[in-house]
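> One letter stands for each residue in the lines below.
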Amino acid sequence: MTKVSLSLNGKPVSGKVEGRTLLADFLREGQGLTGTHIGCDTSQCGACLVHVNGDLVKSCTMFALEAEGCEVTTIEGVAAGDGTLSGIQDAFREHHGLQCGFCTPGMVMSTAELLKINPKPSEADIRDHLEGNICRCTGYHNIIKAIMAASGQDVSGIAAE
Amino acid sequence: MYNFEIEKPTTIDGAVAALASDEAQALAGGQTLIPTLKARLAAPEKLISLAGITALQGISTDKSGRVCIGAGVTHTGVTNEAAAYPALAALAGQIGDVAVRNRGTIGGSVANNDPSACYPAAVLASGAVVVTNTREIAADDFFDGMFTTALDEGEIVTQLRFPVPKQAAYVKFKQPASRFALVGVFVARFADGVRVAVTGASEEGVFRWSEAEKALSGDFSAKAIAGLSASADGLIGDAHGSPDYRAHLIGVLTARAVQAAG
Ligand SMILES: Cc1cc2nc3c(=O)[nH]c(=O)nc-3n(C[C@H](O)[C@H](O)[C@H](O)COP(=O)(O)OP(=O)(O)OC[C@H]3O[C@@H](n4cnc5c(N)ncnc54)[C@H](O)[C@@H]3O)c2cc1C
Ligand code: FES
Ligand code: FES
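So the sequence lines, in the order shown, correspond to chains R and Z.
If you're matching positions, the first sequence starts at 1 in the working numbering and goes up one per residue.
If you're matching positions, the second sequence starts at 162 in the working numbering and goes up one per residue.
Simulated from the structure, these hints should not be mistaken for laboratory data.
Treat the numbers as computed from the prediction; the structure is a model and nothing was measured.
Note that beta-carbon positions come from the ideal geometry of N, C-alpha and C, so glycine has one too.
The reader is advised that the hints may include incorrect statements.
[Said to hold, decoys possible] Pair by pair, the computed Cβ-Cβ distance ranges are:
#1 Z:ALA338 / R:ILE117: 24 to 32 Å
#2 R:THR34 / Z:SER225: 51 to 59 Å
#3 R:ILE117 / Z:GLU365: 32 to 40 Å
Work out the full structure: start from the sequences and follow the hints.
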């Protein structure tokens with residue numbers, strides 16, 4: 001076992017891990033932050049997305065030891081301390097961008113990266129960016145709508161589905 | 162996954178020394194290696210992470226105008242910073258998804274030589290040079306069949322040097338589940354002729370389509386290859402496409418790449 005230390009949602013944390021411990025497992029089992037979901041464990045679905053030093057990464061496809069010294073943000077670090085939802089989370093709620101919610105942490109983390117690079121994405125930009133996020137429930141329509149709304153675009157003309 | 166230790170050297174020499182042991186393997190972005198380890202298709206005792214080696218980072222242009230990319234540059238890095246070779250930057254931006262591009266590296270992709278990977282087509286069509294810790298290998302001598310390259314045990318790719326063509330484009334027909342190329346074609350026109358490299362199609366991995374190269378070197382237009390058809394011999398046949406289907410795609414995508422080449 002090796003010690004790993006990193007900044008997690010703004011707080012310093014450390015723990016003992018094996019070489020093979022995935023960042024996702026360190027977050028879920030080591031730190032009890034179960035908002036990061038493991039949907040596929042084969043690098044395909046995006047439910048496990050987190051930010052490492054500001055970049056979107058699949059925490060099931062990175063070792064905990066590779067995050068040594070890094071700043072890691074998970075879905076638990078997105079809302080304000082008093083539970084007030086972020087603009088993106090609120091738009092997902094408002095526009096019904098989730099059903100079972102399993103994919104949602106990854107969708108929110110992915111959206112945050114998109115809006116950082118491209119503050120007013122078109123529908124095509126959003127679909128392209130969400131290539132690595134799989135949702136089995138919504139058919140994506142309301143996720144796209146929520147992201148357009150979160151980026152301050154008028155979605156009143158887009159039908160609810 | 163079987164267990165292993167992770168070492169993180171900061172120099173190329175340090176990595177080469179650590180890789181001298183039989184049971185050690187290089188870890189770059191892990192976007193191929195970690196799924197492989199999970200499937201227990203590899204069982205190294207030690208992973209040597211290349212992520213801490215600054216000498217593997219950076220993109221520059223050398224005296225002969227070649228775009229030189231450190232093996233540790235991520236696909237996102239190439240997308241954003243290889244502006245001197247737009248067709249290559251565009252290829253990098255089509256790999257997998259954002260998160261894969263944020264971690265996966267050009268060196269890892271080239272060393273892995275997946276028969277459906279994108280970069281091998283760019284390396285071969287550009288006539289790039291693969292630089293390692295011991296030597297320089299011409300693209301035509303580097304790819305040695307599916308998942309096989311000219312690299313020796315413990316040898317690491319340090320840089321890729323790409324001559325920049327006058328016109329070039331990569332067109333990929335995506336396998337929608339894996340996002341790899343079902344077939345991908347990279348066309349590059351240089352002053353002295355055209356090179357066409359095909360990925361995703363052959364059991365032997367990336368290859369050059371010499372008939373198309375000849376026709377396009379005389380007349381760089383989609384018309385010039387309209388009568389040509391690639392042979393289905395030795396092409397991959399799987400649930401996603403038969404060898405004949407892939408052979409057909411090679412012709413279609415080559416024509417599209419010629420049209421797209423700016
Ligand atoms: C969902 C998904 C979609 C993908 N889609 C595509 C796609 O569309 N097109 C595509 O081309 N690829 C695709 N990939 C693969 C991706 O591009 C990988 O990043 C790449 O193939 C391997 O690079 P890596 O840095 O992650 O290497 P790793 O996974 O770390 O290593 C791969 C292999 O190369 C060796 N290696 C790594 N670096 C070096 C080096 N410098 N010298 C010598 N050996 C080295 C390792 O030991 C290992 O054997 C996809 C992957 C995933 C998970
Ligand atoms: S659990 Fe990581 S991509 Fe699906
Ligand atoms: S809301 Fe159920 S998987 Fe997306």
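> Now tell me if each hint is right for this structure.
Status of each hint after checking the structure:
Checked against the hint of 24 to 32 Å, the C-beta distance between Z:ALA338 and R:ILE117 comes to roughly 26 Å, which is consistent with it. Distance hint for R:THR34 and Z:SER225: a CB-CB separation of about 54 Å, consistent with the stated range 51 to 59 Å. As the Cβ distance of R:ILE117 to Z:GLU365 is approximately 38 Å, the hint placing it in 32 to 40 Å holds.
The structure fails none of the hints (numbered hints given earlier).
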